[in-house]
Amino acid sequence: MPVIDVARWDLERLVGRMLEDEEVEKYLPMLKCEIEELSETIISYEATHDRPDLFSAEGLARALKGLLEIEVGIRKYRVGEDRVKLYATGPSYRPYIVGAIVKGLDLDDESVKQLMNLQEKLHMTYCRNRRKASIGLYDLDKITPPFRYIHVDPDSVRFTPLEETREMSLREILEKTEKGRLYAHLIKNYETYPLLVDSNDVVLSMPPIINSEDTKVTEDTRRVFIDVTGIDLDSIIDILNIITTSTAERGKEAVINLVEVQYGENVVVVPKLDPSKMVFEPSILDKLVGIKLRADEIISLLRKMRLDADISGDKINVWIPPYRVDILHPVDIAEDIAMAYGYENIGYEVLPPTGAGKISPIERFSKKIRDLMIGLQFQEVANYMMNNPKTLVEAMRLENVKVVEVENPKMEKYTALRNWLLPELLEVLSYNKHLGYPLRIFEIGDVAIVDEKEDVGVRIERHLCAVVQSENTTLTDIMVYAKALFESFGLKYEVVEVTHPSFIEGRSGKLIVHGEEIGLIGEVHPEVITAFGLEAPIAAMEVNLNSFLRMLLD
Amino acid sequence: MLLPERQYRIIAEVVKSKGRVNVEVLAEKLGLKTSDIMRDLAELQSKNLIIIEKKSAQKAHLTEEAHRYIDRGFPEERLLRILIERKEINLSTLRENAEDFGLIGEEVQIAIQHLIRLRAVEVREGKIRLKASREEVEIISEKLKEFRRKLSELEDSVVEDPSLIREYLRRGLVKLKKRSLIWIIAPSATLEMYERGELKPAKVVTVVSPELIATGKWREIIFKKFDLKVEPPTVHPYRKHPYMELLDEIKEILEVMGFEEMKGPHVELELWNFDALFQAQDHPAREIHDTFFLKYPKWGKFADKSLMEKIGKTHENGWITGSKGWRYKWDPKRALRLILRTQTTAVSMRTIYERGDGEYRCFSLDRVFRPETLDPKHAMEFYQLEGIIVGEKVTFKHLLGFFQEFAKKLGLGKVKIKPGYFPFTEPSVEGFIKHPELGWIEVFPGGMFRPEVLRPLGVKKSNVAAWGIGIDRIAMAILGISDIRDLFSPDLEFLRSRKVPIIESIYRW
Chain A
20 MPVIDVARWD LERLVGRMLE DEEVEKYLPM LKCEIEELSE TIISYEATHD RPDLFSAEGL
80 ARALKGLLEI EVGIRKYRVG EDRVKLYATG PSYRPYIVGA IVKGLDLDDE SVKQLMNLQE
140 KLHMTYCRNR RKASIGLYDL DKITPPFRYI HVDPDSVRFT PLEETREMSL REILEKTEKG
200 RLYAHLIKNY ETYPLLVDSN DVVLSMPPII NSEDTKVTED TRRVFIDVTG IDLDSIIDIL
260 NIITTSTAER GKEAVINLVE VQYGENVVVV PKLDPSKMVF EPSILDKLVG IKLRADEIIS
320 LLRKMRLDAD ISGDKINVWI PPYRVDILHP VDIAEDIAMA YGYENIGYEV LPPTGAGKIS
380 PIERFSKKIR DLMIGLQFQE VANYMMNNPK TLVEAMRLEN VKVVEVENPK MEKYTALRNW
440 LLPELLEVLS YNKHLGYPLR IFEIGDVAIV DEKEDVGVRI ERHLCAVVQS ENTTLTDIMV
500 YAKALFESFG LKYEVVEVTH PSFIEGRSGK LIVHGEEIGL IGEVHPEVIT AFGLEAPIAA
560 MEVNLNSFLR MLLD
Chain B
131 MLLPERQYRI IAEVVKSKGR VNVEVLAEKL GLKTSDIMRD LAELQSKNLI IIEKKSAQKA
191 HLTEEAHRYI DRGFPEERLL RILIERKEIN LSTLRENAED FGLIGEEVQI AIQHLIRLRA
251 VEVREGKIRL KASREEVEII SEKLKEFRRK LSELEDSVVE DPSLIREYLR RGLVKLKKRS
311 LIWIIAPSAT LEMYERGELK PAKVVTVVSP ELIATGKWRE IIFKKFDLKV EPPTVHPYRK
371 HPYMELLDEI KEILEVMGFE EMKGPHVELE LWNFDALFQA QDHPAREIHD TFFLKYPKWG
431 KFADKSLMEK IGKTHENGWI TGSKGWRYKW DPKRALRLIL RTQTTAVSMR TIYERGDGEY
491 RCFSLDRVFR PETLDPKHAM EFYQLEGIIV GEKVTFKHLL GFFQEFAKKL GLGKVKIKPG
551 YFPFTEPSVE GFIKHPELGW IEVFPGGMFR PEVLRPLGVK KSNVAAWGIG IDRIAMAILG
611 ISDIRDLFSP DLEFLRSRKV PIIESIYRW
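Chains as they are written, first to last, in the numbering used here: chain A, 20 to 573; chain B, 131 to 639.
Don't read these hints as lab results, they were simulated from the structure. It is possible that part of the hints are untrue.
[Unchecked claim] Here are a few chain B residues that face chain A, going by a calculated C-beta distance under 7 angstroms: (1) Asp505; (2) Lys507; (3) Leu530; (4) Tyr551.
Computed from a predicted structure; not experimentally measured. Note that the Cβ used here is the ideal one computed from N, Cα and C, for glycine as well.
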């Protein structure tokens, strides 16, 4: 989740007074912000994904003013009369644009930095790394409305991209600038590229890649034009609301001017600054959170969280500001109330069990088998379920065996799920070669077997695998343990000869109980032994414990 | 009473010495060194058969001069013999030719002085002359001979009364040295036991053979006493894997708290891992950095189309849950994409889908997968402990209560709580415990499942408190492991030498 750095003096300037360390330590967690660093100059905190309005000093200050009771209830922004027109004729793969104007700003180095950071954090998170949406801010004094969102041939227009000193074609920008290379994949496969221009065809930006150097916002900027382009109209309006209201915090006389976006015949007026209403039933607090509060207490807590509320019969109308995109359902309001109330004040209550606990049969049975194997003097080991086909299949001399494989492995060693346990036990033997013989180890664990009958295309089985290794191990050395295992449960079993590539011919068999195959037993093939870098003979058995348990219960 | 042979011989010697003997003398008599018998003596004393008495005493040591006199006689003896022959000698002759008379240096003067004191001679007009009668001379000679014999016996002897050898001390022939002396004393009871034949010598045996036991001959032997301070060789037991053993114990705690274990597949539909959890299809957790997608098999299937539809609508517009939804076009195909489950919450989803409303609580302790590079702090596969408490009267307050209770049962102390964020719970909480080394660490994330999660699954009336616990961190603390890879160590020596995991609180009641 994003980590936000704010200058303490800047935050204090926005809040309107000095902040004690204790206040920061108390109130930031109430906004789900985790403090990473708190010093005289810097406050660094991790904000949660659902609260993009807290991704900069302006939004944090707005919320803190509520908790500190400096200013409660919905923050109201002044809206100017004038509207600007924006013609949306962008490319079909990124058709949407919205915009806003904020005037009366009083910017300095720090506030420009914060606005740029907010833009960047939103890009990384809510805008899904610009795929879903991208934001641009421009000095309105350097451009002339109305604006046009168009799409053009990559070689037909040239402008000077941000941080550059010369004009480049759109195609060049994708190839030669850092941002261009970073985000080229979003547009480069299309014939035309998006472009935002003013009434004089001055380029504002090439969304979602880069802005123009000539229109950028500086400390001297007093009026800005903001645009958000993207693939989903509702999302970009949310983002516009956040960035516009945060920007408007940077001027005592700040005024927001609305923009009329023309989509063919349709006009969308943005940003949407009116609070939205959600009906809240106070009983939800008692039922969901476990606290009982009076309506007036609820209202005052909500106002501290910078929402507004009024009583309507036995319900409460809650008014939500446009930047609070996290509130989807009354439960989100309940959480706001709980946070303002203070989690530590909720108390806790231990609910006695409503019924008897149960451990799953296969886990309980595994524990029994584990005890038995320890009694037979085997050491238990535990391996990862993840491995690779080379170890699971090739090294075992198997062919045409499909294992579950992942598309995006992180390490060469771990690309698949094991379909049996034996290969990993051989790896363990290999690791412990220096210990000398005999070695007796076992593992009880889950394996994944491709099975089209299952919804998930895979069947999970619980297996037991036991191996014995010494200089003179033969099949008999594992047969005795198979016998001990089955006879301990009073199960009659048979070993039926089988040819299996991993074992020596004539020294391997299927373990059969009640006519059903429930495992394999054999002397490991010398080629397999060598493939794992081992020398001494190995005998092994692998048993399906799900089947084993079923046999016992039948 | 049976005594090891040597100890029996010791007693016999002490008895022979009338019940009291110096330890050195005793050792000499046994033909052993004192140090060899000290252990036996200590054992005999512990059996109350002897008393070891330590005393400090003075011992006589003869000087070089004394040794010379013992060999050659005292100077006065020698001079007396000459005078018996010659009756009279000029002092000057004697002094000048002392060596001719068998005397060296000062010995002339010593001899004269002592003979005068013994009234054997007189010195007059520069001559020394025998004065005593023949009988008297004989007595003096005998006296001196006796004096010399006694001197020869003094070497290394204990001097209890120094006044008895005053003369030797005065002449500087004997020097006294302080020493500690050990006396071995047999009390009368021991003497009596010995006389009555109640003490018997016997063999000392280390390994008791079956024959000794069967024949009853063990009665005639002495069992060699073992030194319990000597460390025996190390044997490591064949053991359960410590992590697996710990997980079993944790399951038992949950069983006692009334939780039923639930199971689900490690390969999962995105539907259960994400969509049912109201995680939007473009949620960052659903990207390749955070989720393993399957290359083979790639797609799963799901028969309950109506559930798919409900989940889809909830994502799109909130369906009937009262939510605004995520307002995007939900793709049913994406929900059937196969992944390695990233959270066992998928298992909770399956359970709630199956059981719906009601009063129940379930847990899952199983493996989940995330695309991580295996290093001391990260693993691509780890255990997650997950649980749900379902019921009409279940609230967030009960979830907080569960945290406190469970932390207490695991011996983790008090849980500190803070607001948290998870896409599928509201309110959400993060519980921290105080780790002795790491400080406050987050181990208890949880919250109340959102209506957007519950309604499509068929839950209409119940609330569900849900929690997930990073059990690896807790396990590492209990097992004393600091590298996460050691939880799955292939090193058999490491596994067999690990301490047995103990959740202390289970054993205190």
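Hint-by-hint comparison with the structure:
{"no.": "1", "hint": "Asp505", "in the structure": "violated (10 angstroms)"}
{"no.": "2", "hint": "Lys507", "in the structure": "violated (14 angstroms)"}
{"no.": "3", "hint": "Leu530", "in the structure": "holds (4 angstroms)"}
{"no.": "4", "hint": "Tyr551", "in the structure": "holds (4 angstroms)"}
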